[in-house]
Every structure is written in structure tokens, then in C-alpha cells.
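Enquirer: Below, each chain spelled out in residue letters.
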Amino acid sequence: MAENIKVGIADMNVVSPPDSITTIGLGSCVGIAIWDRMNKIAGLIHIMLPDSTQVKSNSNIAKFADTGIPELVRKMEAAGARRSNMIAKLAGGAQMFSFQNKSELLGIGDRNVAASQETLAKLGIPIVSMDVGSNCGRTVTLNPENGEYEVKTVGKDIKII
Amino acid sequence: MENLDINEIGTKYFDVLKEIGNIGAGNATTALAQLMGSRVDMTVPQVKLMEFHELGTTMGGEDQVVAAVYLVVEGDINGSIMFMMSLEAVNALIKRLIGTEHVGETYSDMEVSAIKEMGNIITGAYLNSISTLTNLTIYPSVPDLAIDMAGSILSVPAAEFGVIGDKMLLIQTSFSNEIDFSGYFILVPDEGSYARILGSLGF
Chain A
1 MAENIKVGIA DMNVVSPPDS ITTIGLGSCV GIAIWDRMNK IAGLIHIMLP DSTQVKSNSN
61 IAKFADTGIP ELVRKMEAAG ARRSNMIAKL AGGAQMFSFQ NKSELLGIGD RNVAASQETL
121 AKLGIPIVSM DVGSNCGRTV TLNPENGEYE VKTVGKDIKI I
Chain B
1 MENLDINEIG TKYFDVLKEI GNIGAGNATT ALAQLMGSRV DMTVPQVKLM EFHELGTTMG
61 GEDQVVAAVY LVVEGDINGS IMFMMSLEAV NALIKRLIGT EHVGETYSDM EVSAIKEMGN
121 IITGAYLNSI STLTNLTIYP SVPDLAIDMA GSILSVPAAE FGVIGDKMLL IQTSFSNEID
181 FSGYFILVPD EGSYARILGS LGF
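The listed protein sequences correspond, in order, to chains A and B.
Read left to right, the first sequence gives residues 1 to 161 (our numbering).
Read left to right, the second sequence gives residues 1 to 203 (our numbering).
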């Protein structure tokens, strides 16, 4: 039986066919999908904040782009994936409230996207597509069979990136 | 008082925060009654310290579409406050305030303005009672509104709480009169502000 494995906020997981992997309601958070196209292994992480070094409470590594993404890659490698086969897709990083940048967390969505890009570049994993920014929440599902990353937003058509 | 971890604040000062929530919600109920021009009853607010992964259980799931009014606060207390409610509640309040039934998926400028104003009044009353209780000044910004998936909306205060811990403090209040609805207050003071709130109360 194929299952759609759910990844919560500040959480990650790795699947292979016939299962798929999903995370619901990305706001300023970013859902980073990594796919090994040869071994058909898919990983998904739902990060909340860009940088663990700026924060005292950093025990949950899946909360941050800089610590979570390398850990996801490690988990995928442990499951038999190879770094050289990996590609990444990003979704999320919205600004849900228009004046949110007045607060201390200046443009948190943008910073989450930037930190994800930087971390993936360091790991040598290319980003092939993105659906980021704007002011809408997103629900995403990654299919390990073909690497399709489905993005759902309220009141709009489903996008495959 | 030194800066505290949210988990520590939650366990050690839970009753204090609960009482602040109670008073704040009570004040908000009075404001709501004045706005609606009728009697509004309120149940005892439930204060919940939730792990991030449990947030999906609020408001009927992460993909449930909800409305949230969000304000940035400055002064002695810095951070933000959000009031979140179901679309059924929003539609009932619109009917009551504007007198017309809401139709369709999108909200008109008039309706958006009414929801913002209601959020403004409810959160304003809530903040006022905290300000009076603690003798601290709080300046809220103008309100902003988002209507979207609960998960994506909750990610905003969650990211703010995420800086200081892995849990989030929610205050659920049920209002009732001709319509019944429940809403969540989510107050996110920054690290130093928590200490100032508790300090001003003698802790």
C-alpha cells in the first residue's frame, strides 16, 4: 500500500516508491525537496529558521536550514542515495502578513530561502526549480518515482515544479 | 530577571500566563460585546503550551483555511499578537457588523476592513489589560489580515517562538451569544519581554 508520509513543522523524512512524502501549510517556512533520480529516493524537510548559530535554542536541527539540510542529505545517503545524483526543489518562504518585516524577523521567508540556497550550494546539490515568496501558504508533495514536486495554494490551481 | 527559555517559562509560570490570558480574553469579550451591541459570553480560556508538531491539531488541521489578524507590538513589550478564527466565525461576524451575507471565496475591501477592525478591537482590549496589569507600555501597529491555511499562518508566530524554544503558547477562548465561535490569541513577546512581564508582576 502506497502511503503519503507526512512531515511536520521543523521535521524531515526520507521515502522511496510507492510512498510519497508531503508537508502541509508552509508559510514563511521552506519545504526543501531533494531527489536522487537514479535510486528514486526522496527526502523532504520543513525548516522554520535560516541559521542555527543565531539562536540559543537550537537542539532540533530540523528547525534550521543550515543544520537540517545536511542532516537530510546524510539520511538519504544512509538510505542508499548518492550525492552526485541529487537535485533539489524549493517551495515556501512566503510573507504571510504584509508588514511582517517591521518585526525583528526581517523578511523571514526570504531569509529562509536564501539560507536554503546557500546550504545546498555548499553541499553541491543543484536547485532545479522553485516556487517561493508571495503571500500565500503552500502544501507540497514529492513523488520519488519521477521527482515531481506538487505545490497547492488556496484558491489557485495545483502547480508541478 | 534573566532571560528564560520558553519551556521553563511555560512550566514555572504557567498559572501566571494563564491568568494574564484570562484577564486579556475577558477584556476582549467586553470589547466584542460593545462592537456587536449585544451580550457576549465567554468560556474560561484554555492556555496551551504546544509543541510545533502538535499545531496541526488546532483549528481542524494545517490545511484548514482560517482568518488571522496580526499586529506588531512595540514599547516595553516587543513582539507580536495574533488572533485566529474560523471562516464560519468571520462570516457570522461580517453579517452582524455589515448586515450583509458573505458570498464567494474572496472577501471585499469592506469585509476585509471589518475583519481587521474587529481583530484590532479584540487584540487591543487584550493588550490593554496586560498593559494595565503590568504597568508596561505596549504600542500595537495597524492590523494586517491573512486568510489562508492554518499551518502557513501559524508558521509566522511559530518562527518567532522558534527563536526561543520548541513550543508555542496559545490561548483559546470561546465566545458565544447569537453566534458561537472560538478564537486563538497568540502573543509572542521577545525574550527580554517575557522577563519584563513576569518581573513587573513581582516574579
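Rather than coming from a laboratory, the hints here were simulated on the basis of the structure.
For each residue, glycine too, the CB sits at the ideal point set by N, CA and C.
Watch out, some of these pointers could steer you wrong.
[Stated by the list, open to error] Far from chain B, some chain A residues (derived; all Cβ distances over 12 angstroms): (1) Met-1; (2) Ala-2; (3) Asp-11; (4) Ser-16; (5) Lys-40; (6) Glu-77; (7) Arg-83; (8) Gly-92; (9) Ala-121; (10) Pro-126; (11) Asn-146.
[Stated by the list, open to error] Calculated pairs, DSS-like style, for lysine-lysine (alpha carbon to alpha carbon, straight line, at most 30 angstroms): (12) Lys-159/A to Lys-122/A; (13) Lys-6/A to Lys-95/B; (14) Lys-152/A to Lys-40/A; (15) Lys-48/B to Lys-56/A; (16) Lys-156/A to Lys-56/A; (17) Lys-18/B to Lys-116/B; (18) Lys-6/A to Lys-152/A; (19) Lys-75/A to Lys-159/A; (20) Lys-156/A to Lys-95/B; (21) Lys-156/A to Lys-122/A; (22) Lys-6/A to Lys-56/A; (23) Lys-18/B to Lys-56/A; (24) Lys-75/A to Lys-156/A; (25) Lys-6/A to Lys-122/A; (26) Lys-152/A to Lys-116/B; (27) Lys-156/A to Lys-116/B; (28) Lys-56/A to Lys-40/A; (29) Lys-40/A to Lys-122/A.
Enquirer: Is the hinted pair Lys-6/A and Lys-122/A satisfied, with a Cα-Cα distance of at most 30 angstroms?
Expert: holds, 27 angstroms
Enquirer: Under the criterion that the straight-line Cα-Cα distance not exceed 30 angstroms, is the pair Lys-75/A, Lys-156/A satisfied?
Expert: violated, 34 angstroms
Enquirer: With the threshold set at 30 angstroms, check whether the alpha-carbon distance from Lys-152/A to Lys-116/B stays at or below it.
Expert: The hint holds at about 26 angstroms.
Enquirer: With a cut-off of 30 angstroms on the C-alpha distance, tell me whether Lys-156/A and Lys-56/A pass.
Expert: This hinted pair is violated, its Cα atoms lying about 38 angstroms apart.
Enquirer: Does the structure keep Lys-6/A and Lys-56/A at a Cα separation of 30 angstroms or less?
Expert: holds, 28 angstroms
Enquirer: With the threshold set at 30 angstroms, check whether the alpha-carbon distance from Lys-156/A to Lys-95/B stays at or below it.
Expert: holds, 26 angstroms
Enquirer: Confirm or reject the statement that Gly-92/A sits farther than 12 angstroms, beta carbon to beta carbon, from all of chain B.
Expert: violated, 8 angstroms
Enquirer: Quickly compare the C-alpha distance for Lys-159/A and Lys-122/A to 30 angstroms and report which way the hint goes.
Expert: holds, 28 angstroms
Enquirer: Asn-146/A: least C-beta distance to chain B exceeds 12 angstroms?
Expert: holds, 24 angstroms
Enquirer: Going straight from one Cα to the other, do Lys-18/B and Lys-116/B come out at no more than 30 angstroms?
Expert: holds, 26 angstroms
Enquirer: Could you grab the alpha-carbon distance between Lys-48/B and Lys-56/A and see if it respects the 30 angstroms cut-off?
Expert: holds, 23 angstroms
Enquirer: If I take the minimum Cβ distance from Met-1/A to any residue of chain B, is it greater than 12 angstroms?
Expert: Holds, since 22 angstroms exceeds 12 angstroms.
Hints 3, 8, 13, 16, 21, 24 and 28, counting from the list given before, are not met by this structure.
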